[in-house]
Amino acid sequence: MSSIRLSAAELGAALAKGEITSVELTNQHFDRIAEVDTSVHAFLHLDKEGALAQANSVDAKRAAGEKLGPIAGVPLALKDVLTQKGIPTTCGSKMLEGWRPPYDSGVVTKLKDAGVVILGKTNMDEFAMGSSTENSAYGPTHNPWDLTRIPGGSGGGSSASLAAFEAPLAIGTDTGGSIRQPAAVTGTVGVKPTYGGVSRYGLVAFSSSLDQAGPCARTVLDTALLHEAIAGHDPRDSTSINSPVPQVVAAAKRLDVKGMKIGVVKEISGEGFQAGVRTRFEESLQLLVEAGAEIVEVSCPNFDYALAAYYLIAPSEASSNLARFDSMRYGIRVGDDGNRGAEEVMNLTRQVGFGREVKRRIILGTYALSSGYYDAYYGSAQKVRTLIKRDFEAAFTKADVLVSPTAPTTAFKIGEKSDDPLAMYLNDIATIPVNMAGIGGMSLPCGLAPEDGLPVGFQIMSPVMQDDLMYRVGGTLEAALNSKWGHTLISQIPDLQVR
Amino acid sequence: MGSHFDLADPRFAGALVALNFAQAMEKYEPTLGLEVHVELNTNSKMFCSCATEFGGSPNTQTCPVCLGLPGALPVVNAKAIESTILIGLALNCSIAPYSRFARKNYFYPDMPKNFQTSQYDEPICVNGYLDVEIDTDEGPAKFRIEIERVHMEEDTGKSLHVGGSTGRIHGAEYSLLDYNRAGIPLVEIVTKIVPGTGKYAPQVARAYVTELRDILRSLGVSDVKMEQGSLRCDANVSLAPMGSGKLGTRSETKNVNSLRSVERALFGEIERQANRLESGERVVQETRHFLEDTGLTRPGRSKEQAEDYRYFPEPDLVPVTPDAKWIEELRTKLPEKPSTRRKRLQTEWNVPDKEMTALINAELLDVVEETIALGAEPTRARTWWLGEISRLANEKEVEPTSLISSANLAEIIALIASGELTDKLARQVVEGVINGEGSPADVIAKRGLKVVSDDSALMVAIEAAIAAQPDTAERIRGGNIPAAGALIGAVMKATGGAADAAKVRELLLKHLGQA
Amino acid sequence: MAAISRDDVAHLARLARIEMSAEELDHMASELDVILGAVARVQEVAGQDVPPTSHPLPMTNIFRADVVKPSLTNEEALSGAPAKVEERFKVPQILGEAE
Ligand SMILES: [Mg+2]
Ligand SMILES: [Zn+2]
Numbered sequence: 228m229s230s231i232r233l234s235a236a237e238l239g240a241a242l243a244k245g246e247i248t249s250v251e252l253t254n255q256h257f258d259r260i261a262e263v264d265t266s267v268h269a270f271l272h273l274d275k276e277g278a279l280a281q282a283n284s285v286d287a288k289r290a291a292g293e294k295l296g297p298i299a300g301v302p303l304a305l306k307d308v309l310t311q312k313g314i315p316t317t318c319g320s321k322m323l324e325g326w327r328p329p330y331d332s333g334v335v336t337k338l339k340d341a342g343v344v345i346l347g348k349t350n351m352d353e354f355a356m357g358s359s360t361e362n363s364a365y366g367p368t369h370n371p372w373d374l375t376r377i378p379g380g381s382g383g384g385s386s387a388s389l390a391a392f393e394a395p396l397a398i399g400t401d402t403g404g405s406i407r408q409p410a411a412v413t414g415t416v417g418v419k420p421t422y423g424g425v426s427r428y429g430l431v432a433f434s435s436s437l438d439q440a441g442p443c444a445r446t447v448l449d450t451a452l453l454h455e456a457i458a459g460h461d462p463r464d465s466t467s468i469n470s471p472v473p474q475v476v477a478a479a480k481r482l483d484v485k486g487m488k489i490g491v492v493k494e495i496s497g498e499g500f501q502a503g504v505r506t507r508f509e510e511s512l513q514l515l516v517e518a519g520a521e522i523v524e525v526s527c528p529n530f531d532y533a534l535a536a537y538y539l540i541a542p543s544e545a546s547s548n549l550a551r552f553d554s555m556r557y558g559i560r561v562g563d564d565g566n567r568g569a570e571e572v573m574n575l576t577r578q579v580g581f582g583r584e585v586k587r588r589i590i591l592g593t594y595a596l597s598s599g600y601y602d603a604y605y606g607s608a609q610k611v612r613t614l615i616k617r618d619f620e621a622a623f624t625k626a627d628v629l630v631s632p633t634a635p636t637t638a639f640k641i642g643e644k645s646d647d648p649l650a651m652y653l654n655d656i657a658t659i660p661v662n663m664a665g666i667g668g669m670s671l672p673c674g675l676a677p678e679d680g681l682p683v684g685f686q687i688m689s690p691v692m693q694d695d696l697m698y699r700v701g702g703t704l705e706a707a708l709n710s711k712w713g714h715t716l717i718s719q720i721p722d723l724q725v726r
Numbered sequence: 024m025g026s027h028f029d030l031a032d033p034r035f036a037g038a039l040v041a042l043n044f045a046q047a048m049e050k051y052e053p054t055l056g057l058e059v060h061v062e063l064n065t066n067s068k069m070f071c072s073c074a075t076e077f078g079g080s081p082n083t084q085t086c087p088v089c090l091g092l093p094g095a096l097p098v099v100n101a102k103a104i105e106s107t108i109l110i111g112l113a114l115n116c117s118i119a120p121y122s123r124f125a126r127k128n129y130f131y132p133d134m135p136k137n138f139q140t141s142q143y144d145e146p147i148c149v150n151g152y153l154d155v156e157i158d159t160d161e162g163p164a165k166f167r168i169e170i171e172r173v174h175m176e177e178d179t180g181k182s183l184h185v186g187g188s189t190g191r192i193h194g195a196e197y198s199l200l201d202y203n204r205a206g207i208p209l210v211e212i213v214t215k216i217v218p219g220t221g222k223y224a225p226q227v228a229r230a231y232v233t234e235l236r237d238i239l240r241s242l243g244v245s246d247v248k249m250e251q252g253s254l255r256c257d258a259n260v261s262l263a264p265m266g267s268g269k270l271g272t273r274s275e276t277k278n279v280n281s282l283r284s285v286e287r288a289l290f291g292e293i294e295r296q297a298n299r300l301e302s303g304e305r306v307v308q309e310t311r312h313f314l315e316d317t318g319l320t321r322p323g324r325s326k327e328q329a330e331d332y333r334y335f336p337e338p339d340l341v342p343v344t345p346d347a348k349w350i351e352e353l354r355t356k357l358p359e360k361p362s363t364r365r366k367r368l369q370t371e372w373n374v375p376d377k378e379m380t381a382l383i384n385a386e387l388l389d390v391v392e393e394t395i396a397l398g399a400e401p402t403r404a405r406t407w408w409l410g411e412i413s414r415l416a417n418e419k420e421v422e423p424t425s426l427i428s429s430a431n432l433a434e435i436i437a438l439i440a441s442g443e444l445t446d447k448l449a450r451q452v453v454e455g456v457i458n459g460e461g462s463p464a465d466v467i468a469k470r471g472l473k474v475v476s477d478d479s480a481l482m483v484a485i486e487a488a489i490a491a492q493p494d495t496a497e498r499i500r501g502g503n504i505p506a507a508g509a510l511i512g513a514v515m516k517a518t519g520g521a522a523d524a525a526k527v528r529e530l531l532l533k534h535l536g537q538a
Numbered sequence: 093m094a095a096i097s098r099d100d101v102a103h104l105a106r107l108a109r110i111e112m113s114a115e116e117l118d119h120m121a122s123e124l125d126v127i128l129g130a131v132a133r134v135q136e137v138a139g140q141d142v143p144p145t146s147h148p149l150p151m152t153n154i155f156r157a158d159v160v161k162p163s164l165t166n167e168e169a170l171s172g173a174p175a176k177v178e179e180r181f182k183v184p185q186i187l188g189e190a191e
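Chain order of the listed sequences is R, S and Y. Just remember that the working numbering sits 227 ahead of the position in the first sequence, which is counted from 1. Just remember that the working numbering sits 23 ahead of the position in the second sequence, which is counted from 1. Just remember that the working numbering sits 92 ahead of the position in the third sequence, which is counted from 1.
Each hint should be verified, as a subset may be incorrect.
[Claimed, not checked] Using 30 Å as the maximum straight-line C-alpha spacing, the simulated DSS-like pairs for lysine-lysine come out as follows:
hint : chain 1 : residue 1 : chain 2 : residue 2
1    : R       : Lys625    : R       : Lys488
2    : R       : Lys312    : S       : Lys181
3    : Y       : Lys161    : Y       : Lys176
4    : R       : Lys321    : S       : Lys181
5    : S       : Lys366    : Y       : Lys182
6    : Y       : Lys161    : R       : Lys312
[Said to hold, decoys possible] Which stretches of chain S does chain Y cover? Using the computed rule of at least three CB atoms under 8 Å from a CB of chain Y, they are:
hint : stretch
7    : 59-67
8    : 150-162
Derived from the structure by calculation, the hints contain no laboratory data. For every residue, glycine included, the Cβ atom is placed at its ideal position computed from N, Cα and C.
Isolated chain R (complex conformation) (with noise of 0.2 Å):
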């Protein structure tokens, strides 16, 4: 029988007891993908030879009587924009089209250290742009739930990937909320830690102040185990934090929210959001009221300038981390006929490797540093910023975590925004305050829309460093949930009609 469908958590359990092998649970996997994926397209590449051979080392392991961790064993998708020695790394773009890294991120060293299979690279919106997957230079992500519909992003491959079985754990990042939209919109859970809290060494920079690595999967616990697994302190990364990681999987478990305060953030909390996504969130607070919690709403009136502040530091940071890609060191070349100067032969590759979404940052971002606009525009933002932070500051003495549905619809159907930027970026109004501020943000489904039966995400922010707290509000409210339900939200996925 097949295993796909367990929890990480569960398959760990069964791995330890000896129930099954890493080797069979990665083959079941790879047979699931090879079923459904040309259907759903998560996967930008599979290496099937590298995760037997650590399936088979995990279950070597095992055999002799190491003692191994809570996940060892268990498969992964990983985001293609985090770089895997010898394993193709295109971030969605054709810019890196054949490029194999020689080096490991941090994030997949320390997946290796804890025995994680890698059944392959997940696919996304070129270098991490976009809310939709819809700007992969391989071609659009479909959603799970309806294959007609976008999967989120930028990491929609990855959880795209956790609801159609073919992973039980995922590696997303998170810029502006490429972890917990694509987690909301395909019915799973998606956390982005305190910034500094997982490793950036080997993440392709998108922008490098906000980005950040972290655990998606089907249930908070599953997100906690492989939180703890890729967190801590690594010295390659300037802005890593060191000390210890909370006790996230301890606070998954507590299921106990008595005597908390919850913040509902007015300014994000519902006004222009879906009917249905509303009532979902507002049911959320009820059973959280239930569960003991005290709900207070706070107001963060600079919120309404986060997304403007948003899409001028990102695209800055962009337009500079983007500059390698130049056709000098790596990746694809276009035009060198021995004629050419390396001037035009870097122009002319980056005008074929780039998508159109990359260039509009590019552009914006170089727009908004340069001379004479610098003050205007990227300036005027990092002072917004600072205000976003101050919102949270105050935020968070009247409330211990901070809640807001996660995005302010549903799954929307392939191409219908594609040619609306500014309709595009609003996915992200919810998400983006947390990336600004360097604090912890997590999405955990909490229904179907009445209106359109697609998942609803329940977004939890927490404190710089104080991740635990939003784990130990997410495993409650899952809890809750899944006992009102009598089942799981992703049990109920319609059959995918593969095609």
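Fit chains S and Y with the ligands to the supplied structure of chain R, relying on the hints for placement.
Below, chains S and Y with the ligands alone, put in the same frame as chain R:
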């Protein structure tokens, strides 16, 4: 002073050179600005752990960080920060309690990330000065060069241009890149504008770079080898009509890679600008490249349309906030200032000005000091290093200090002082040591180089000399003491230099009844 | 009036080293105009007294010891190179001057 323009150069065909340097300096006032880039001698690079050693085979001292591979991140080298603070302190700068790295964005294939991690509006050291002394028509004069900033950045890779004309960039068919140098820590030291040097501008610039080099060397933070590029100087200069109180348009001359070139480049550039102004043309704000062979500069990239570097704070690095305690700790490590030390040593050793200058120019101060510290008598130590050892080094085309250790030389000098070696014998000992025949004692033993101090052996030689030149002996007997030189010379020759000349003289005169 | 013209975009594209066709320039200019119109509101709230935040967390003085660690091999370093000659990266001729 003649013109620095070679009128035979076809590039100047038809050009009328109206003013030479001296004439130019009667009509125009130069203003200097100097930017010096120093490669620090840390073991590892600025932002990664690759080795910095010079001369490794291409692309073997690179890693994801210094190759700018996607995903790689920088981490600051603590030693580089310490070295920079030391430099700042030695240049009388304030050390900023808060400083940051920034990205300087521009595309160039030798720069892996297409931005240079540098410092911009928040450098680590600001507002210092350095005093230099030069010889003027009125004697020695002091100039204070004010330092605007000292900041940290990283070096670029090296490109090799293949095909086309003689390795120059233009006309190359393709270029080859080696990133071993990429990411080596660089410190940039920028002066404020330096007015008021008048016709001494080239000498002041040279004295500044020299003094700076000596300070950096005394701090031990850099190899300061201009010819290897570990110290590079960009010289800015502008001219304004005498007494106008204005600033002219400046040019920036790069590729100046020796102390002498700093001076030559400025002579040439001042003359060039003066002649442009004189003929009613404008000086273009541009980068110029110094041509070692002609002493002229050629134009590089025009800066009329300023580059837009889009500086912004480097998000991958956190601010540097040295606390007062750290700075004071570093201050205690500051060595004696080179200028103070030179004065002290000159007094201690009692050296005439001219010889002191020779020692400094030959870069022998350190080794002479070391030799004296090992017990050698100061005058002999100086004379040996500056004389015999330098002569041999010159012959072999190596550095004097690579020939013999100060300990060995100190030992030889001690033997001379005690009369166990004559100068002539000592030269043979030095030769033996350089040839690898062992320590001075080994050479003396193997070659049998001992002063003949046995009186009876010397008397045999003296009597032989008297017998060979009876007339000379007679004159000495008659009171003509200076005539003794000829007999002493004969004795020295007979003993193969192994006799102590003073002893020979004493015995000879006594023997001839003159003592 | 448009905040950003086609010529502005052409200048920015040059700075960013991206070749753009006339059509791309037009399209980009109109899109950027809309986006800039929307993001310009950051200027409304950011007063003189508000310091900018460039790093999410207030960390300082993160250094590493000056210790050499193994580099990549030459082969690894060149493994992604679009072109190479022996031990070096081969790139098209470099026109213009370095810094
Ligand atoms: Mg510089
Ligand atoms: Zn390196």
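Practice task
Starting from the hint list further up, note which numbers the structure goes against and sort them upward.
Solution key: The structure conflicts with hints 5, 8, although it agrees with all the remaining ones.
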